[in-house]
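Using the hints, position chains B, C and D with the ligands against chain A.
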Amino acid sequence: MQTERVEVVANEGVGPYRLLRLRRSRLQPGTPGQFFMLEAPGRVLPRPFSLSLAPTRELGFLVEAIGPGTRAIARLEAGEEIRVTGPLGNGFDLSVRRPLLVGGGIGVAPFPYLSERLNGPPALLGFRTAHHAEAAALVPNAEVVLDPTLVTDALPDDPGDVLACGPAPMLDALEGLVPGAQLAREAPMACGYGACYGCVVERDGWYVRLCVEGPVVRAGDGAV
Amino acid sequence: MQTERVEVVANEGVGPYRLLRLRRSRLQPGTPGQFFMLEAPGRVLPRPFSLSLAPTRELGFLVEAIGPGTRAIARLEAGEEIRVTGPLGNGFDLSVRRPLLVGGGIGVAPFPYLSERLNGPPALLGFRTAHHAEAAALVPNAEVVLDPTLVTDALPDDPGDVLACGPAPMLDALEGLVPGAQLAREAPMACGYGACYGCVVERDGWYVRLCVEGPVVRAGDGAV
Amino acid sequence: MGVPLLNASGCLDPLTAPEVARSLDVVVTKTITPLPRRGNPPVRIAEVEHGMLNSIGLQGPGIDVFVDDHLPRLAALGVDLWVSVGGFSAEDFARCCERLDGDERVSAIELNLSCPNVEEAPETAAELVAAARAATTKTLYAKLSPAQWDIAASATAAVAAGADGLSLVNALRGLALDERTLQPRLALAVGGYTGPGLRPVALACVYACAAAVDVPIVGMGGVVSGRDALELVAAGASAVALGTVLFADPLAPGRIRAELGAEAAARGFADIANPSSPLVVRTGKNLQTDENDTA
Amino acid sequence: MGVPLLNASGCLDPLTAPEVARSLDVVVTKTITPLPRRGNPPVRIAEVEHGMLNSIGLQGPGIDVFVDDHLPRLAALGVDLWVSVGGFSAEDFARCCERLDGDERVSAIELNLSCPNVEEAPETAAELVAAARAATTKTLYAKLSPAQWDIAASATAAVAAGADGLSLVNALRGLALDERTLQPRLALAVGGYTGPGLRPVALACVYACAAAVDVPIVGMGGVVSGRDALELVAAGASAVALGTVLFADPLAPGRIRAELGAEAAARGFADIANPSSPLVVRTGKNLQTDENDTA
Ligand SMILES: Cc1cc2nc3c(=O)[nH]c(=O)nc-3n(C[C@H](O)[C@H](O)[C@H](O)COP(=O)(O)OP(=O)(O)OC[C@H]3O[C@@H](n4cnc5c(N)ncnc54)[C@H](O)[C@@H]3O)c2cc1C
Ligand SMILES: Cc1cc2nc3c(=O)[nH]c(=O)nc-3n(C[C@H](O)[C@H](O)[C@H](O)COP(=O)(O)OP(=O)(O)OC[C@H]3O[C@@H](n4cnc5c(N)ncnc54)[C@H](O)[C@@H]3O)c2cc1C
Ligand SMILES: Cc1cc2nc3c(=O)[nH]c(=O)nc-3n(C[C@H](O)[C@H](O)[C@H](O)COP(=O)(O)O)c2cc1C
Ligand SMILES: Cc1cc2nc3c(=O)[nH]c(=O)nc-3n(C[C@H](O)[C@H](O)[C@H](O)COP(=O)(O)O)c2cc1C
Ligand code: FES
Ligand code: FES
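Protein chains in written order, with my numbering: chain A, 1 to 224; chain B, 1 to 224; chain C, 1 to 295; chain D, 1 to 295.
Read the hints as simulated data drawn from the structure, not as lab findings. As the structure is a computational prediction, the values presented were derived from the model and not from experiment. Ideal Cβ positions, reconstructed from N, Cα and C, are used throughout, including at glycine. Heads up, a few of these hints could be off.
[Claimed, not checked] What follows is a list of derived Cβ distance ranges for each label pair:
1. D/S225 with A/G13: 48 to 56 Å
2. C/G254 with D/T124: 46 to 54 Å
3. A/R57 with B/G13: 35 to 43 Å
If we strip away everything but chain A, and leave its shape as in the complex, we get (with noise of 0.2 Å):
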């Protein structure tokens, strides 16, 4: 983990979502699946944001503005500066045979730079409108399914070492469907680094911390 200050290179539309391009400085990408907190501006936290893109000597993240700190980070231009600290956490464990990354709405946002990690692997995206599919465009060899196809209804009869990332009812699905399915998972963090104990999950009737013990997580490894 290192925290550096650092320029906003720029910032385009993806569909509903923004792109956001920022100067690496000396931070390491990391392993595909870990994040990075951003600085919100005007905000008293900082939010997560898990890696999208790692271009040589940029960052990429890409946001969808639901909330006051997701709106401050939208809105970041060209020239301006701020805090990021990581990468943090677990990221998915890239020694799989047979890849599917599996993700719905935002949480496409890991797969770009999964799947060059991978090699382009297939993909299986849902999202609610076409609006948002633009979105797969970053995931190579993608397969969307939108609205009211659910990508669980379209996942294949074997579909290998499952990566995913998505809303929780889509993660809850995939953990009773595919044992071992490598899940990323959200929380409300405040620290992103195990200093807050915000973020916990339960696992094995105890709280555990998922910026330490994730976000990546094992389906049927007990977390929920």
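Using the frame of chain A, we list chains B, C and D with the ligands on its own:
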């Protein structure tokens, strides 16, 4: 008293001060010596300013940036909007026979409008530096003294009807020298319209609200 | 029917700003004490980053001059009037309440049990309420301090002692230092901290008290927008008082009333004062005042 | 010599962020209770406009696992370590302090007498301090809540009962509602309110206690900059703890130490820790720890 959101027409430098020109909207300029509460963007409370100039359709304020509120106001740009309340308090009594305006530093603020309404009476203005004294150009018939000379040093033997505005030590000195002088005093204010009892000054052993009983008070009237 | 809007005590003088007074549903006076009080020496106010400090110290004419001189002028405004009373002993509260008892120009009495700028009264809040209750049949609102470990317990005791409603909350104590000299900015150093920084605390107090007692609550603390007012209602307030915001925006009552209606409507909550709406966290109770309202 | 910087208890896990721990002068553990605690259900945190709410609920391994398993790893970091202990009775505090008494890896014990997320202990703060005092000869810091009418009185009682220093302040209680649904955002609704909105309150508490007692004070509450830290020192703190700011900026200790030095120097206050400087409102006292420091 009226409250309006009004647009900044221009923000010009006058020596070290800013001359902020606001669209007048439905606000009345009032009597010279009355003041307005101006919203300080990003701050909780507005700040009091004497009306400095009243060109058609505009209200002009001369601002010295000395703290967070005045700094925020001094940074306003043309096109921005702020909430303005006024005119407030009691201005100068204009039924004077031989007016002499006596001011120090930013105390020059109400004089351009006051001078206009009194048809350009003589003025005696003290400043810290020649740079500050550039503001004297806004007041016709002004004689300028610079530190270490004080306006009280340069006061004629028979000063006539003194109307004064400036730092408290200057007004206190005039209080002794010129009984009956009209003194525009200052106090920290939260509301400007009698609501908070924050702006009190002592008078005859009791505390009175300067925004209601002033800001222009008579020397020898028991108000400090 | 909307949510009644009041001014917070000490944050409006209806005589210097009658048009602001008339834009409210209820006007509350600055706290009146038995004897005249000079109040604290200036500097009395200081802005801080997320609010302000005040050290007024209950300046006022005393209850007798208030009733003889101020009350007729206040009544002439034709607004629904609550009188805030304060003091330093049960006797003080009793004396003020007695003087107002039966005065039909006054529709309720707010008991300021919690001024941060005066020394603590030796009696507990409940004892002060009981003394006031014995002195008047008027509707009594007990105004409590957020600076206590268990405000719900105080609320329960105040209601048991005869309070008909609660006003929540008064200021916290705060300190601000001069940027350059690092000396206290207020003459008496510490003052009452109000405004936006107080908002989450006020919300928690209203929520805790609404769960504990079954009387109407006037919520206040840091309200700046209709959304803030709506949150106090959702937490259990049946009316909302505006304090610090009135200094920055004398038009706040009208603006906040409109925003509150729009925010409520946007959530499908047409009748904001309807206590059975599922959006209200706690059951709202209607604002209680005496029947001999002047308004 | 600079002003010692600590982390606020519960705002840093030195084991997951050793580099942050090493950038501090003293590291304080999260509050440890006699028995293991699961803590509160999530959602546990919510940002508000001028701070945040937390409802962690003292999650932890209990004193025995802490001493046997965590303490060796903490000691291996080579930082000066204070252990924060908490509980629900005098016995609880005594049990934790006994277990740490004589342990040379621990240079002081902070008594968390004021967690906003657990029910009130039946004993008073002074009784809890007295029980801890009887159980250990270690340096004891009493951590007090700002949610009380007269914190100076509590401070006086805590010192009389044997506290060697004070940690001021813990969180206030706050509530935040969801923007859309108006339901509480935390699972248990109310949580501890910390961050910038707490700053004027913390400053007032330090100021009041510094005037009342003659022991060193660790000031905390909303510190974001060196200027904020300097103000706590000016109000009477001899050390400053960083809480919420660490979440936003893990480099805060180094940054704030530098800013504090620059702000002090800009005011001609070269030796910030010098208690005789006229710029300090209250006489600063030196930070007290046991002589068997590990650092
Ligand atoms: C490890 C991790 C990686 C993430 N990666 C990305 C990413 O790449 N791109 C992206 O756009 N977002 C990502 N998120 C989610 C993003 O952090 C949240 O949307 C953001 O924190 C919300 O902040 P806000 O202030 O905008 O909204 P808030 O006001 O905090 O929240 C708005 C609404 O969303 C809910 N909510 C907030 N945070 C979460 C959460 N983490 N999980 C579930 N519900 C939540 C709130 O309860 C509320 O109803 C990630 C989250 C985590 C934990
Ligand atoms: C009726 C009236 C008319 C005014 N007219 C003008 C004007 O035309 N142009 C102009 O530039 N300023 C004017 N002022 C002063 C101006 O309002 C203050 O400078 C401003 O409120 C300071 O706010 P701040 O946040 O910038 O600084 P703050 O942080 O509030 O103050 C910075 C320093 O100045 C001191 N200070 C602040 N306000 C006052 C005050 N009113 N009197 C004495 N000391 C104070 C503070 O104690 C502090 O040391 C007027 C004030 C009053 C009461
Ligand atoms: C300048 C000022 C004066 C006040 N005077 C009183 C008072 O006389 N009696 C009282 O009960 N509360 C008084 N208060 C507290 C307010 O009534 C209210 O409880 C508090 O300001 C919180 O609301 P706000 O955050 O909206 O300002 C005063 C507050 C301020 C700012
Ligand atoms: C997430 C979180 C957890 C906390 N846990 C504890 C705790 O275990 N023990 C304790 O004494 N204080 C705890 N606190 C309070 C802090 O130590 C500190 O008193 C408070 O946060 C004020 O400082 P700040 O405004 O700088 O955060 C916690 C605060 C936060 C934000
Ligand atoms: S976000 Fe703070 S511990 Fe996980
Ligand atoms: S500034 Fe509020 S009463 Fe004068």
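### Task
Starting from the hint list further up, note which numbers the structure goes against and sort them upward.
Hint 1 alone not satisfied by this model.
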